[in-house]
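Sequences listed follow chains U and V, in order.
For the first sequence, position 2 matches number 2 in full-length UniProt numbering, and the numbering has no gaps at all.
For the second sequence, position 87 matches number 87 in full-length UniProt numbering, and the numbering has no gaps at all.
Please note that a few of the clues may not be correct.
If you only want the chain V side, here are some residues facing chain U, beta carbon under 8 angstroms, derived [stated by the list, open to error]:
1) 61
2) 177
3) 178
Hints listed in this document are in silico derivations from the structure and should not be mistaken for laboratory results.
None of these values were measured; they are calculated from a predicted model.
Backbone N, C-alpha and C define an ideal beta-carbon position, used for all residues, glycine too.
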Amino acid sequence: MPNKTLFLAAYTTIWLILIMYIYILNKKQKKQKNKIKKLKEK
Amino acid sequence: MGIIQKIFYYHVSSAWNAFLAFLIVAISSIIYLKTKENKWDIYALSSAEIGVIFSAITLITGSMWAKGSWNTWWTWDPRLTTALVMWLIYASYLTLRKSLKTEKKARLSAVFGIIAFTSVPITYLSIRIWPTIHPNLEFSLMLPAKMTLILSITAFTLLYIYLFHLRTKIEKTKEKIKKLKTTK
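Isolated chain U (complex conformation) (with noise of 0.2 angstroms):
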């Protein structure tokens, strides 16, 4: 496999598993927030 490929399978991959992190912790934080919310108005 082309060395540059490579670079750019590392990179991409990186990237893939940080974004994705920190994606699924704001979608976790947003159902949290509506979740107290609804609570709170009970």
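Place chain V on chain U using the hints.
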């Protein structure tokens, strides 16, 4: 070595942050056992999760660099093997936490977190203890490469701090929701 050398900056930075994260797990676990304050358990969990992600990135980038340099995706070299074992230990820490439903969950996890930290110095020192083909460039980097590495490590450390803050916030909000549900 060409462009494949650039992986080095991500690989070392991720490894450094994985070690840092696991150190935070150990420290938080010790303080939790002493004080029994829940926030230290939250710090340990958050740091372990981020550490597992960074050590996975270390293994993946290392594997890709190895393919380019050694023409193999993996070899049972001491450094690689100990890094994999370290990742497996902390992955099992997270699995343990998820599977335990008892009140002693935090205490058991804290004990596990302290014992698990023994894998970190073993991984770091593996290139000194055993013969290895893993590069050891600590003192042989030229100044531009050293500066780039320091910048990269700093950037990844800031990323770790941001992820840690975000993750602990989620756990603390979880506790808040639990309290609100019990008071209603």
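Violations among the numbered hints: 3
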